[in-house]
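Fit chain B to the supplied structure of chain A, relying on the hints for placement.
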Amino acid sequence: MWDAIILNPMMNALLFLYSLLGQNFAISIFVFTLLIRLITYPLTYQQQKGMKALQTLQQSKDWQEMQKKYAKDREKLAQEQMKLYQKAGVNPIGGCLPTLVQFPILIGLYQAILRELAQTPLQLLDFSSHVYSFFPQADALIPINSHFLWMNLAQPERLFLPFLPQLGIPILAILVVISTYISQRMMTPPSTGDQAAAMTGMMNIYMPLLLGYFSLTFASGLSIYYFTSNLLGIAQFAAMGKVDWRRVIGLAPTPAKARK
Amino acid sequence: MAQLNPADILSVRGHGSMKNYRLRRRFSLLGVLALGALLVSACSGVTGNTSWPGLAASDTTAYLSFAQNVFAVDLKSGKELWRFPPKAQTGVTFYADPVPTANGQILVGGYNKILYELDASSGKPIWQSSLASDLYVSPVLDTAEGIFAPTADGNVFDLNPQDGTLLWKFSAQHGVWAQPVSDGSAIFVTSLDHHVYALSAASGKLIWSKDLGTALAGGATLAGNTLMVGTMDDRLVALDKGTGQVLWTAKAGGWVWGPPAVDNGTAFFGDLGGTLHAVAVSDGHELWEIQPDGAIHGTPAVGQGVLYIGTKAGTVYAVSEKDGSILWQQTAGGNLYGHTLLVGDMVLVTSYGGQTPLYAFSAKNGSQLWSFLPAK
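The listed protein sequences correspond, in order, to chains A and B. Counting from 1 along the first sequence, just add 92 to a position and that's the residue number in my numbering. Counting from 1 along the second sequence, just add 25 to a position and that's the residue number in my numbering.
No lab work stands behind these hints: they were computed from the structure. These numbers come from a predicted model, not from an experiment. Do not rely on the hints blindly, as some may be mistaken.
Stated by the list, open to error - Covered by chain B, per the in silico footprint, the following chain A stretches (three or more residues, Cβ under 8 Å):
#1 204-213
#2 226-234
Unchecked claim - Some chain B residues flagged as far from chain A (calculated, every beta-carbon gap over 10 Å):
#3 LEU106
#4 GLN187
#5 HIS199
#6 VAL287
#7 LEU312
#8 GLU314
Glycine residues also receive a C-beta, built at the ideal position from the N, C-alpha and C atoms.
The following block holds chain A by itself, in its conformation from the complex (with noise of 0.2 Å):
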């Protein structure tokens, strides 16, 4: 199901892609990550626009009146808080919706992108097993051309100067770790509780990183779909409205602080 629904569509769109953009598979990765960026990007909309409402809710002067008064009882809090989200017209869990039907897309992306970078026989075999057998030339554009600049797009990347010949720089992955912190800073919600803003401020560094050792240690080209996919992210957000960048470099203090 997963392989006729989601996988093969997507592998071969890409090798599609490939063989229109002169074989290069670094900028396939890209011209596909933007496309299914468009095509989800109503999903995406809703999400952010309920998740922008959220925020601007959590900032104003009633939630932040009704979190003093009934600060030391909980249930009535969140009693409060759902009949203010009703009379805001906002829904708390209505970014979720958009999130889960875009899973499938992103799971199918990064594996449709790691199975077309074969590197062993096996993998190989299963890359073609994929491919349509309508698919014009296909014999011709298999195995994909693995190579974009300095990079083996199956390879964790490293650049090696000349002058630094022992010591592997990872570009993309400090540039997917920096542009994961900007996109998780930018669109994760300020949180108005102590504990809520500690989780936020945790996976604000966890995410980076973990996505950082995974371009440290996969398939360059996936963190190719990891930085290209963040530059959308942060570029469509920043599109829909005035995006607080003090706030997301960290010189803006959160609403938990504020309180203090």
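Here is chain B on its own, set in the frame of chain A:
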């Protein structure tokens, strides 16, 4: 303050009646279940950096590359004689066929990008070469001119047999996944970059190259002046070994991965469409073809007028070289992607995903003699 009902909480705009809410909840539940089923099915089928086991044999011992070790297995008993490395190491795996050398050693490259020479009697390393920047997928070629080691980074290294030092290297545009063949003065290399290369064995200088327009994952077979290569676009192509000119092309029913076996002027090869072919080496005309129960990936073993092949469906076949009639068939299990070996009156096959990685059958009647499962 009035209690909030769930419909009010979950409704985006708060306009849903309880009936609508229940209906929507059912659809949401169905949607989440369908999504869950889709995601569960996504978890299967991703292959890591593994492959099918590699195999070689001397008169008394089988050498098996399988996951984290290379094993020496006694051919009489099917028992383990030694393993290298003695204890499994993280990041060190072997799938290329080991190569017994003329001076009694074993050469085997790993997915850790290192080529080892091992003592055949003990499995102790003699030297190792770290020249490669990618995997060793294929076996090396050991000749009097040197050790020719192809790698997935596209290089073919000529190494000094004494200590593994580099004599020369040749770089293709893509990986080299197959063992080169030699005629004594030249070696012939097939690459994923679609080319067949003829190189001087002494210097590595390019003599000729031929673009066949598709990936060449398997190797070549040399029969007299004819060099035969299987292609991904369902062909067996014969080239003149002196010039690289195409002599003839035989059409197959699928990707031809394993190079053909040759006996009595006939080339025998299988394809991933599941057909075993016999064609004349002289002009490529088809003598017979049969369809066993699955894709044929490896090269058949040939001996005393009989071909032995394994299929992806896990069956070993003994087939008459003369007319393709099936003499016996036996189930091993798993996928038999590797080459079949004939050692004396014993047929050896490796299995990917079977109960054990190595099976031995009687060449006469196909009865199973033993199977080898490494002890943990």
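Here's how the hints hold up against the structure:
1. Only residues whose beta carbon comes within less than 8 Å of a beta carbon in chain B count, and the stretch 204-213 of chain A has 5; three or more means the coverage holds.
2. With 3 residues having a Cβ less than 8 Å from any Cβ of chain B, the stretch 226-234 of chain A passes the three-residue criterion, so the hint holds.
3. Look at LEU106(B): its CB is around 27 Å from the nearest CB on chain A, clear of 10 Å, so calling it non-interface holds up.
4. Non-interface call for GLN187(B) relative to chain A: holds, since the shortest CB-CB distance, roughly 28 Å, exceeds 10 Å.
5. For HIS199(B), the non-interface assignment is contradicted: its Cβ lies about 7 Å from the closest Cβ of chain A, within the 10 Å cut-off.
6. Under the 10 Å C-beta cut-off, the non-interface status given to VAL287(B) relative to chain A holds; the minimum distance is some 23 Å.
7. At roughly 26 Å, the least C-beta separation between LEU312(B) and chain A is larger than 10 Å, which holds for a residue marked as non-interface.
8. For GLU314(B), the condition that its CB be more than 10 Å from all CB atoms of chain A holds, with the nearest at approximately 21 Å.
Violated hint: 5 only; the structure is consistent with all others.
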